[in-house]
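Chemist: So the mapping is simple: our numbering equals the position in the sequence shown, first residue as 1, plus 14.
Rather than coming from a laboratory, the hints here were simulated on the basis of the structure. Here the structure is a predicted model, which is why all the values come from computation and not from measurement. Hints are not guaranteed to be accurate.
As the list claims (entries may be wrong) - In silico PhoX-like pairs for lysine-lysine, Cα to Cα no more than 25 Å straight-line:
1. Lys67 - Lys41
2. Lys156 - Lys68
3. Lys131 - Lys146
As the list claims (entries may be wrong) - Cβ-Cβ distance ranges computed for the label pairs, FRET-style:
4. Glu132 - Lys156: 14 to 24 Å
5. Ile83 - Asn106: 15 to 25 Å
6. Lys150 - Met122: 16 to 26 Å
7. Tyr155 - Ala26: 20 to 30 Å
8. Thr91 - Ala70: 11 to 21 Å
9. Arg97 - Gln21: 20 to 30 Å
10. Leu102 - Val157: 29 to 39 Å
11. Met15 - Gly99: 40 to 50 Å
12. Ile83 - Phe151: 21 to 31 Å
13. Asp116 - Pro73: 34 to 44 Å
In this text, a Cβ means the ideal position worked out from N, Cα and C, and glycines have one as well.
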Amino acid sequence: MLMGSYQNSIDAKSRVIIPAKLREELKGGCVLTKGLDECLIIYPMDTWDAQLKKLAELPRSDEYARAFIRYILANATDCEIDRQGRLLIPANYREDAGIVRDVVTIGMLDRIELWAKEVYDGSASGGKLSAKDLAKFSESYKV
15 MLMGSYQNSI
25 DAKSRVIIPA
35 KLREELKGGC
45 VLTKGLDECL
55 IIYPMDTWDA
65 QLKKLAELPR
75 SDEYARAFIR
85 YILANATDCE
95 IDRQGRLLIP
105 ANYREDAGIV
115 RDVVTIGMLD
125 RIELWAKEVY
135 DGSASGGKLS
145 AKDLAKFSES
155 YKV
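Using the sequences provided together with the hints, build the complete structure.
Modeler: The following block contains the structure:
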């Protein structure tokens with residue numbers, strides 16, 4: 015299970031170190047894509063394969079389903095973690111996520127989110143909802 019929050023920075027060659035505690039799940043390869051929030055998502059290959067199966071089941075006659083599939087797949091790319099535990103972040107991904115230097119890496123059960131620290135710190139989707147709002151959510155889903 016992927017969990018925890020880590021802070022580091024992107025290097026001059028656009029690489030970010032994936033924390034060792036998260037890296038183990040990525041040994042079989044991974045896929046990088048743009049998230050629905052203002053972040054990037056790294057899927058371990060087994061999770062990505064499961065995500066593809068879910069996408070394949072969406073009704074192609076629904077314009078929202080097609081748009082969702084298009085968004086996820088058009089923005090997806092295979093990626094590898096190098097021997098030093100670094101992941102190369104392509105320029106267009108960095109720009110879209112607002113990543114310039116400081117990065118917050120978050121384990122999210124079956125995937126990893128990469129956030130520009132400035133975006134994460136200032137975004138409700140980055141975890142800045144109040145505990146009261148989160149309590150309402152957890153009650154409605156019995157979490």
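Chemist: Hint by hint, say whether it matches the structure.
Modeler: Against the structure, the hints come out as follows:
1. Lys67 - Lys41: holds (21 Å)
2. Lys156 - Lys68: holds (24 Å)
3. Lys131 - Lys146: Between lysine 131 and lysine 146 the Cα gap is close to 24 Å, so the pair holds against 25 Å.
4. Glu132 - Lys156: 14 to 24 Å: violated (35 Å)
5. Ile83 - Asn106: 15 to 25 Å: Roughly 20 Å apart at Cβ, these two residues keep to the hinted range, so it holds.
6. Lys150 - Met122: 16 to 26 Å: Taking Cβ atoms as reference, lysine 150 and methionine 122 lie about 21 Å apart, which means the hint holds.
7. Tyr155 - Ala26: 20 to 30 Å: 43 Å Cβ-Cβ, so the 20 to 30 Å window is violated.
8. Thr91 - Ala70: 11 to 21 Å: Holds, since threonine 91 and alanine 70 (Cβ atoms, about 19 Å apart) stay within the stated range.
9. Arg97 - Gln21: 20 to 30 Å: holds (22 Å)
10. Leu102 - Val157: 29 to 39 Å: holds (35 Å)
11. Met15 - Gly99: 40 to 50 Å: violated (19 Å)
12. Ile83 - Phe151: 21 to 31 Å: holds (27 Å)
13. Asp116 - Pro73: 34 to 44 Å: Given a distance of about 41 Å, which is inside 34 to 44 Å, the answer is holds.
Against the hints set out earlier in the document, violations occur for numbers 4, 7, 11.
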